[in-house]
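> Fit chain B to the known structure of chain A by using the hints.
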Amino acid sequence: DVKVTQSSRYLVKRTGEKVFLECVQDMDHENMFWYRQDPGLGLRLIYFSYDVKMKEKGDIPEGYSVSREKKERFSLILESASTNQTSMYLCASSRSTAPYGYTFGSGTRLTVV
Amino acid sequence: AQSVSQHNHHVILSEAASLELGCNYSYGGTVNLFWYVQYPGQHLQLLLKYFSGDPLVKGIKGFEAEFIKSKFSFNLRKPSVQWSDTAEYFCAVIANQAGTALIFGKGTTLSVSS
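One line per chain: the protein sequences are A and B, in this order.
Here the numbering used here is used: the first residue of the first sequence is 1, the next is one more, and so on.
Here the numbering used here is used: the first residue of the second sequence is 1001, the next is one more, and so on.
If we strip away everything but chain A, and leave its shape as in the complex, we get (with noise of 0.2 Å):
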């Protein structure tokens, strides 16, 4: 069954702690995603990746950096954490080419006090 597996589904981290959010895809796809959901906003997408070593920022890249040095993984850091970046992290995997195919973990539910 493949899968995008992201390593924690909860996560409290105190404000100006740097925080790493792990993703890893078994599925050979060369794109991958973070994204963080929030009430009333959506998903909005943090960064993405569509190869090793390669970054695109999104619409909210402020605060956080990203992190691919293998094709499966692709690592979210918050610098120093803050409140407002208290929310619920969702990272995906697709193929480049339609139909793109994506899939998403289960979520990271950080909270930053």
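Treat each hint with caution, since some may be false.
[Unchecked claim] Below, simulated PhoX-like cross-link-like pairs (lysine-lysine); rule was C-alpha separation at most 25 Å, straight line:
#: 1; chain 1: A; residue 1: 3; chain 2: B; residue 2: 1071
#: 2; chain 1: B; residue 1: 1106; chain 2: A; residue 2: 57
#: 3; chain 1: A; residue 1: 18; chain 2: A; residue 2: 53
[To be verified] Here are the computed distance ranges between Cβ atoms for each label pair:
#: 4; chain 1: B; residue 1: 1069; chain 2: A; residue 2: 3; range: 32 to 40 Å
#: 5; chain 1: B; residue 1: 1068; chain 2: A; residue 2: 67; range: 35 to 43 Å
#: 6; chain 1: A; residue 1: 53; chain 2: B; residue 2: 1040; range: 32 to 40 Å
[Stated by the list, open to error] Sample of chain A residues lacking proximity to chain B, with all beta carbon distances greater than 12 Å (derived):
#: 7; residue: 11
#: 8; residue: 71
#: 9; residue: 85
#: 10; residue: 103
No lab work stands behind these hints: they were computed from the structure.
Nothing here was measured: the structure is a model prediction, and the numbers come from that model.
Idealized CB from N, CA, C, for every residue including glycine.
Below, chain B without anything else, positioned relative to chain A:
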């Protein structure tokens, strides 16, 4: 860059009522369109998708959507809703070109009373 607008934030219906959720996108080129559903406490699930061909797309659980290119719309419909359709519904679009990402609308919460 593409964007997606969902007209209704919260829709309340009785069982057996008909449903139509509006979705408009902005992008001048070829797009692929999706509707996702998220039931309370669960993950996103794909309801249906449009890539090409027949603009009337049928998905799971009796849902369908119609792509109207001239109106940049992809509205979701269901003739008769059930209590179990209570969920949040997201429209999403991706430009059919390399290096782009799926962009979501803000979602519509559907509440169905029995």
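> Does each hint fit the structure? Answer for all of them.
Here is what the structure says about each hint:
{"no.": "1", "hint": "3/A / 1071/B", "verdict": "violated (36 Å)"}
{"no.": "2", "hint": "1106/B / 57/A", "verdict": "holds (19 Å)"}
{"no.": "3", "hint": "18/A / 53/A", "verdict": "holds (21 Å)"}
{"no.": "4", "hint": "1069/B / 3/A: 32 to 40 Å", "verdict": "holds (35 Å)"}
{"no.": "5", "hint": "1068/B / 67/A: 35 to 43 Å", "verdict": "holds (41 Å)"}
{"no.": "6", "hint": "53/A / 1040/B: 32 to 40 Å", "verdict": "holds (39 Å)"}
{"no.": "7", "hint": "11", "verdict": "holds (18 Å)"}
{"no.": "8", "hint": "71", "verdict": "holds (16 Å)"}
{"no.": "9", "hint": "85", "verdict": "holds (19 Å)"}
{"no.": "10", "hint": "103", "verdict": "violated (9 Å)"}
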